[in-house]
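Novice: Here is how the chains run, residue by residue.
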Amino acid sequence: MPVAEVTAVTHGQGSSQHAAQHVAHQFVDADQQHEAGTLGMWIFLVTEIMFFGGLFAAYAIYRGLYLPAFEFGSRLLDIRLGTTNTAVLIASSLTMALAVHSAQTGKRKALIAFLLLTMVFGATFLGIKAHEYVHKWDDFLVPGLRFAPTEALPAGVTLPNLQLFFCFYFFMTALHALHMIIGLGIMTVLVIQARRGRFSADYYAPIEISGLYWHFVDIVWIFLFPLLYLIGGRY
Amino acid sequence: MSTAVAEVPVATPVNYLNAKYGIRSWLLTTDHKRIALLYLVSITFMFFIGGAAATLMRMHLITPGGALVQPETYNKLFSIHGIVMVFFFMIPSIPAVLGNFLVPMMVGAKDLAFPRINLLSWYIYVVGALFTLYAILAGGVDTGWTFYTPYSSTYANSHVIAAALGVFVSGFSSILTGLNFIVTIHKMRAPGLTWFRMPLFLWAIYATSIIMVLGTPVVAITIVLVALERLLHVGIFDPKLGGDPLLFQHLFWFYSHPAVYIMVLPGMGVVSELIACFSRKRIFGYSFVAFSSLAIAVISFLVWGHHMFVTGQSIYAGLIFSLLSFLVAIPSAIKVFNWTATLYKGSISYQAPMLYALGFIGLFTMGGLTGLFLASLATDVHLNGTYFIVAHFHYIMVGGTVMAYMGGLHFWWPKITGRMYSDAWARFAALLIFVGFNLTFFPQFMLGYLGMPRRYATYPAEFQVLNVMSSAGASILGIGYLIPLVYFIYSMRYGPIAGPNPWRATGLEWQTPSPPPTENFEETPVVTEEAYAYAQMAPPAAVAGGNAGG
Amino acid sequence: MFNIGIISVLAMQTWLGIPIRPEPGSTIAEGVDKLHFFLTGITLFFTFIIFSAILYFAIKYRRRSENEQPAETKTHLSLELTWTLVPTGLCAIIFVWSSSLYFANSRPPNASMEIFVVGKQWMWHLQHPEGPREINELHVPIGVPVKLTMTSEDVIHDFYVPAFRVKKDVLPGRYTSIWFQATETGKFHFFCAQYCGAQHSGMIGWVYVMTPADYAIWIAGGSKGESMAQAGERLFAQYGCNTCHKNDNSGKGPSLTGKFGTQQPLKDGRTLLVDESFIRQAITNPNSMPLAEFAPVMPTFQGQLNEEQILQLMAYVKSLGAQERKAQ
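Protein chains in written order, with our numbering: chain C, 1 to 235; chain W, 236 to 785; chain B, 786 to 1113.
There could be a bad hint or two in this list.
With a straight-line cut-off of 25 Å between C-alpha atoms, the simulated SDA-like cross-links for lysine to any residue are [what the hints assert, rightly or not]: (1) B:K845 with W:S584; (2) W:K580 with B:E857; (3) B:K859 with W:S582; (4) W:K580 with B:N1072; (5) W:K475 with C:F171; (6) B:K1031 with B:P1084; (7) B:K905 with W:R465; (8) W:K475 with B:V871; (9) W:K475 with B:K845; (10) B:K859 with W:G427; (11) W:K475 with B:T934; (12) B:K1044 with B:Y993; (13) B:K819 with B:V871.
FYI, nobody ran anything at the bench for these hints, they're computed from the structure.
Construct the complete structure from the given sequences, taking the supplied hints into account.
Specialist: Set out below in structure tokens:
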């Protein structure tokens, strides 16, 4: 039998009937569930850091070995689209934070609106990314599949090394984009649940935890953007 | 919940096994105990696949020219043996079977923090296993479980991508399991269960979970890079295209060294439980053993370069990795001494679980000490890539972890199934395994020092006698592993009913019926004693319904 | 009990005529063996005390009645510290001993005779600078330090001579090296010790250690062809290197005379030592290291020259430096 009613604590989310409805059977009370969920998400984000970390480590090594090629490749990326995407993603983090705040203050309509807005920004990001990918395809800059750049290679830049840069460009941004798509999926579920009145000022843990995930995805891009787009020294 | 034959027929109490029937109730369960059994079945299956590969390998090696298969096939056999055993048996075994079953019970909770994620991790394991089985059935993979580039990324002609995907997917099963354990141990301990009152098994599982969570993602992304390189013919690890084959090794071993501690730490946790119970004493130096688990987890991330001493890496890097590799041996030594000291003035009995635990201590000591030969730079030059390495890691993984796993299965079997098995047969099997194991792997130390390289399908004739000895041992070992299969299955139907605590052990898991009800405890237990409070335990005459073991 | 097992295995080995260790065939072998046997002694010692303690306690403290109640365990800090610090000390000793041995074994003596090794699936090509080329065999004189400079044509291999206690991975795209000085004449196994595909276990051969007199005869017999430097000179002309690398610096590329072993400035401000790796990279990937004062117009020869030919060109370039110094 759940012990929630007996051990109800009057702080945070534990107190109300509404909260008690959403306490899974293995937890003693809503507080424990909230803490467990948050810790779980933080640990998951740590695993994501290690996951991307492997790629960042490999990138760092090759950039050290082949700096001219990486700088040249970076200059071939569209910095306007990259910067726009950075702004879009930061905006989406803002709307996500506002969504969490709305949930905390029990404003259901605002919550749904901000979630949808975050999704719009996310989709915009993905659209711009897709546009960039198509551009690269047209310019024959896709490693392995279609790599035959027409630009003249400056001193110190060899074709294999340039291809290596674009390997990292595509792998890292594609992995990031995959995480964003998953994030959009999560937000779709949240919107549906919010519309059904699942969340309240007493129970909004899923929103908060998803917010953590979305902010993480944003931070990964904050690292990717300078490492991929800004190392060319064109400014 | 008792064993007694009552005058009035008593209905079988509802426990997690009979609470719901039907295949859906098993495949869609979120009960950690049922998930543990799902894992038990799948990893046992994979163990016998890996074991079959090993059997064929040892049969092949009885003649210098190779008795059984072509070299190409032999190469696939050792690759499959390694991949299946490491990723689909050793890494999940104790955590996914015993950990899943026991962690919630040991902390006094009804389930893990995230039961559905737990089920998901089993399905992910199965998908990974299916990819790997496909790779085997479609013709095999021949890169070794280490997938070294550029062989794996450019030159191999076998099913590398399928096998790599299998490994990649299985990694997520590991990550989710570790995540679940960490959150459960942090957040769901029963009232009164402070960190230093936890059984040492939980400390070991916690340390293991830290490694799972931090290390596995790195090998996951590395394997993906190998698969992408194969698919797209790009040059991440191929020097002809500007890549660095050693980068693969650094990334691979950054996980795979800590992975060996994922494999051994849970075994150490089990051994702590067994030694305590079968000496009826608290583990000597409890906090030292607990902290040594954490120390091993941390230091394990700093030693990966000792797999690369002969790659031509800087000798100064070699120096640092060598020093740290010596350091990581110390916590393990501390544990061995503390376990041995626990026996002093204890009350020792020799049921099968204890035989396995004692066997672990001896064989792990040997395996661990032979690790010093490999941490030592000058000797590693001679021994790297030879059978000495094979013997070293089998002593730890088979003589260590598998024995601990068997010991744990034998110890908690009555709790899991409510039945007892034949201890006579169990002890016989344990002895067979011990003898067979040593006969299989001790000659390999000699072979290694004499210079026989590993992964060799053919070998110079002067190595034959030792190889035949090793193969003879392997046949005994194989029989030893088959016997428990028989008596365990037999016990499930015909074994005597075990009570809640047939071993008179301490620990929350023994305070519930065998098998436990789905929710584990009628009421949330409150912990007031230290772990292993054997000295405070009442003698058996006063304990109602407990079966004295043996 | 367990150690009786070990000793009986060793006894049986000796009775069956199986050696316990490979014949020590090099100057470092005895040193490595000494350390190895010390470690074996430690292993046997600690295994013995643990097994004995377990056996002794298990018998002495066996349960005689179910009502036994062992006394409460007390923590024993001094004992814990002892069995923490003693192993630590032991490990420190082993570490220092092993590392100094390793350092000493890593540095080839200056006057080493050089041999060039190319491993490829699944054979070894070994070339003496004087010209003789061997496949899966290596003839060397006794008592002379020999340095092997090695590379792979394809995947990672490993060159391992158990009798000499030397081993090193052989990697594609770069050079690794080992050295040894043989102390016994005879023939000794060498093996590939890094899994490299189908015929990995077939990639083996013999090192023949000969007296200096025999070796002189052997090498003279095999040198009817060109030396490595001569082969390199031939390739230098064949591939048109001499059109740009003229001795008087009048070509598009620098003169190579006397260049080996010097510091070469690059366009990006760094200077690199002109060693084996530099030359290999200059031939296979020249644009990755544009030189100061020269236009980066050298084409790459990767794919056109195999590793052996690159080694021959390298021998030629080295010989240009030697000539220059001789002339002075």
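Novice: Against each hint, give a clear statement of whether it holds in the structure.
Specialist: Do the hints match the structure? See the list:
For the hint pairing B:K845 with W:S584, the CA-to-CA distance comes to about 11 Å; that is within 25 Å, so the pair holds. Under the criterion of a C-alpha separation no larger than 25 Å, the hint pairing W:K580 with B:E857 is consistent with the structure, at around 10 Å. Proximity of B:K859 to W:S582 is assessed by CA-CA distance (about 16 Å); at most 25 Å being required, the pair is judged to hold. For the hint linking W:K580 to B:N1072, the alpha-carbon distance of about 74 Å lies beyond 25 Å, and the restraint is violated.
Between the alpha carbons of W:K475 and C:F171 the distance comes to roughly 21 Å, so the proposed pair stays at or under 25 Å and holds. For the hint pairing B:K1031 with B:P1084, the CA-to-CA distance comes to about 16 Å; that is within 25 Å, so the pair holds. A distance of roughly 20 Å separates the Cα atoms of B:K905 and W:R465; the hinted pair therefore holds under the 25 Å criterion. With a CA separation close to 50 Å, the supplied pair W:K475 and B:V871 exceeds the 25 Å bound.
The suggested pairing of W:K475 with B:K845 is violated, with an alpha-carbon distance near 66 Å, which exceeds 25 Å. Annotation: proposed proximity of B:K859 to W:G427 holds, straight-line Cα distance about 22 Å (limit 25 Å). A distance of roughly 19 Å separates the Cα atoms of W:K475 and B:T934; the hinted pair therefore holds under the 25 Å criterion. The straight-line distance between the Cα atoms of B:K1044 and B:Y993 is roughly 35 Å, outside the 25 Å bound, and the hint therefore fails.
Distance hint between B:K819 and B:V871 is fulfilled; the C-alpha atoms sit about 21 Å from each other, no more than 25 Å.
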